[in-house]
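Novice: Sequence:
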Amino acid sequence: MSENVVETLQTYADNLREMGEDVGANALERRVATLTRAATRALTPKELEPVELSYEGDKIVLKTPLIPNRSKFWAMYHKLKDIDGREWDGEEKVTRFPKAQEATVTAIVADFFAGHTLNGPEGSVELPAA
1 MSENVVETLQ TYADNLREMG EDVGANALER RVATLTRAAT RALTPKELEP VELSYEGDKI
61 VLKTPLIPNR SKFWAMYHKL KDIDGREWDG EEKVTRFPKA QEATVTAIVA DFFAGHTLNG
121 PEGSVELPAA
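The sequence shown lines up with residues 1 to 130 when you count with the numbering used here.
Since the hints were made in silico from the structure, they are not lab data. Treat the hints with caution; some may be incorrect.
Unchecked claim - Mimicking EDC-like on lysine to aspartate or glutamate, the simulated pairs with C-alpha atoms at most 16 Å apart in a straight line are:
(1) LYS93 - GLU52
(2) LYS59 - ASP89
(3) LYS59 - GLU21
(4) LYS63 - GLU29
(5) LYS59 - GLU92
(6) LYS93 - GLU56
(7) LYS93 - GLU122
(8) LYS63 - GLU18
(9) LYS63 - GLU92
(10) LYS81 - GLU102
Starting from the given sequences, assemble the full structure and let the hints guide the process.
Specialist: Following this line, the structure appears as structure tokens:
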């Protein structure tokens, strides 16, 4: 952990002691663990998870991370929905497209997931930031 985080946690413990809170080793350890998990989630949000692209026979299989911004989600949804031959698989939570639509799919992915990692059949690449 960085010195800044340790100092912040020590200040937090001192403030808790002043308020009469239990900051024994176990209580403080639990609070530190909770804060560490929260900080980790804040630093690696779901929306930065990689985009997965693979092939199944004559289909492209696309799995995207959560898009918390609802208007951005619906904009992407409608663009993908308009692609001929699109099939949603609710069980696997993936969308399949004919390979002939690969250029269209990858352009939409690059547009909506700029800055993400794209894990594809040829390896992983970073999509350019917008």
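Novice: Sort out which numbered hints this structure fails and list those numbers smallest first.
Specialist: Those not satisfied are hints 3, 4, 7, 8.
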